[in-house]
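Assemble chain B with the ligands onto chain A, guided by the hints.
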Amino acid sequence: MTGERLLLSGDDAVALAALHAGVRLGTGYPGTPSTEILETFDQLGGHAQWSPNEKVALEVGLGSAFAGARTIVTMKHVGLNVAADPLFTAAYTDLVGGLIVVSADDPGMASSQNEQDNRHYARAAALPMLEPTDSQQAYDFTWLGFEISERWKIPVILRLTTRVCHAKTVVRPRPALQTPPEPGFRRDVPARVMIPAYAKPAHLRLRQKLAEITAWNETEGPHQLTAGDARLGIVATGIAAVHAREAAPEASQLTVGLTYPLPLERIRAFAEGVERLVVIEEGDPVLVESLRAAGIPAEGKPEMYRFGELNVARVRRILASDTSPEAVPPKGKPPELCQGCSHRGVFETLRDLNCIVSGDIGCYTLGVLPPFSAMDTCVCMGASIGVGLGMRHVLPEEQARRVVSVIGDSTFVHSGITGLAEMVYNPPPTGHVVLILDNGTTAMTGQQEHPGTGRLLDHSPTGKISFEALAESMGVQNVHVVDSQKIETLRELVIDLLARNETSLVVTRQPCVLAAPKIRFYEKANAEQRATETCAADVVD
Amino acid sequence: MKVKNIVIAGLGGQGVLKASDILADAAFRAGFDVKKSELHGMSQRGGSVSSDVRYGECVLSPMVPPGEADVLVVLEPTQVEINRPTLRADGILIGPDAIAPDALKNKKSLNVALLGAISTVLDIPDEHWMAAMHANLAEKLHALNEQAFEIGRDAARARS
Ligand SMILES: Cc1ncc(C[n+]2csc(CCOP(=O)(O)OP(=O)(O)O)c2C)c(N)n1
Ligand code: SF4
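Chains as they are written, first to last, in the working numbering: chain A, 10 to 550; chain B, 3 to 162.
Bound conformation, chain A alone:
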């Protein structure tokens, strides 16, 4: 696949670069717009795995990097919140194999619950951050990320945004690495055991690494200088840089690629050569504030452009200091639960029973919209159980009794299990009712497998977690499984459980209608595979 010219999405470009750069393990949890990276890496022949959540994915990735393997860990922006605990201390350790953590941010919230700007994480965790503008750079920066990571034994964050992830642009790949480093264990206790005695010098080491990376970034960093009219200078990062080039082709522009730690002297020199310096960045004023803190006089964007994605038209307005109201684009048709979706009956039931529904994230969040209008809270993955319990603890009894937590199967594995532990440990006086909407897939992000499906990322068979057995072993008082299509049974069961002062878990089960044919196909293929293996075993016996 080298020497050619390819048309690739940013996600696919990262996957191809990971393959070419000799990555031995890719881990992650699905999340738009990052999901395709691991799927493509698998299709290209790489070893890719879905973890139960992003924290576990990063921990597995860290172990792999300690063991000397090049490793990539992928997630959407909010996934990094979940993985933040290992991230901040991984920064103190010395890695052997290169480790790239991909954070795919979603400015404009095309498919997310917030538009947090993960550039803050680079500074907070003290980790280098690379920000590509297109698929070619996504490819090149993946390679570069491994080089930086191995040279300074530090994890590197590759920050993508929705448009970089999903836009297809032309990529010219380079030859694949012929001999990626061989994994092997070498003991190095002070570099990897973060007790205070070792963590204190480790923090000093981390700051030293950053100082060296800064010096390297000043002279050799991956920045692009476009010479132009000295009256207007633009400093830009990520996708905003190409919008800026189009909006102001005559301007001088410095596009910064390694955005933390910043090459401040290089930017200062650029600033000195132009009359007006404007920073064009999507999201929070991260870059402009860093420049100002360093005494570089820079103009930022008016507050209204913090919200949503930038585009060429908005960059033109920023450059013209135009704060007049923007034209509101016409509203399209909102998505809705598919016809025949197994979530439909559940929300009809909860609506008809006038439940207070503590909701969660997945396709089923669409239960908030008419005709169901049956969801009252939705914050982050897994929150449904804790939030439902909190309400139950303090609401007057008549209301407390109507609270139900609703969570999807993938979301339950991701971060609902600890919520269940909370329910068993701190049961509210009225008890509680949790519904797992088990449609046998992670439907929201395009039907990925998870530990409750019994199939791996590539759909081959593996161990399977039984939610009902898990809940029973944890001590949940009532555990039931119902067919989501049997609305009457479900309705009667929920009425019964709401009336008890006990803890209850109901698994409503029926595959996602879009995934069902594929699930049948995988199961058939896996059964045939097992049959041939058994026959082979018989022969040997």
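Calculated directly from the structure, the hints in this document are not laboratory data.
Just to be clear, a hint being listed does not mean it is correct.
[Stated by the list, open to error] Keeping only pairs whose Cα atoms sit at most 27 Å apart, straight-line, the calculated DSSO-like set for lysine-lysine is:
hint: 1; chain 1: A; residue 1: K527; chain 2: B; residue 2: K4
hint: 2; chain 1: B; residue 1: K110; chain 2: A; residue 2: K527
hint: 3; chain 1: B; residue 1: K110; chain 2: A; residue 2: K342
What follows is chain B with the ligands alone, placed relative to chain A:
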């Protein structure tokens, strides 16, 4: 050469993204710089979808700026008005009515038929359209879609 801007719009499940993949690939095969962009995510649940394809000597932003589309292709009548602001004042609008209602054997190939229609106003040689279609569609769909492409192209030629 000036960058050509095409926007394809419709509802989730209509093959908007497939059509823009084919168009982008055809332009790419013809040797142009190409960028294609859209928002994925919720589209499979039947909501509005639109996809931007830009090609030329050097494309910068992957998104077609509002009011700068040279060609707007819409697969669903209800989606015409909400996408119209993307079109240049003298841009070309190709709606689902560009193809006679019963001209297609399979309604699902409307996306490719409309590509046939826009092929008459874009400077991409036929061979690249065919190669892109073959590369982006399962083999058993090739014949059906080649036919749809021709129907769309002939319909557009008959009108102009
Ligand atoms: C921390 C975090 N990681 C990933 C996501 C993206 N995401 C949202 S919901 C979801 C899973 C949905 O699957 P499931 O719970 O099975 O519900 P379904 O969509 O199948 O109804 C994912 C991966 C997210 N919002 N937050
Ligand atoms: S994709 Fe599956 S889970 Fe999502 S709305 Fe459609 S049927 Fe329901």
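To see whether the hints hold, each was checked on the structure:
1. A:K527 / B:K4: violated, 44 Å
2. B:K110 / A:K527: Holds. K110 (chain B) to K527 (chain A) sits at ~20 Å (cutoff 27 Å).
3. B:K110 / A:K342: Answer holds: K110 (chain B) to K342 (chain A) is near 20 Å, not above 27 Å.
Of the numbered hints stated above, the single one contradicted by the structure is hint 1.
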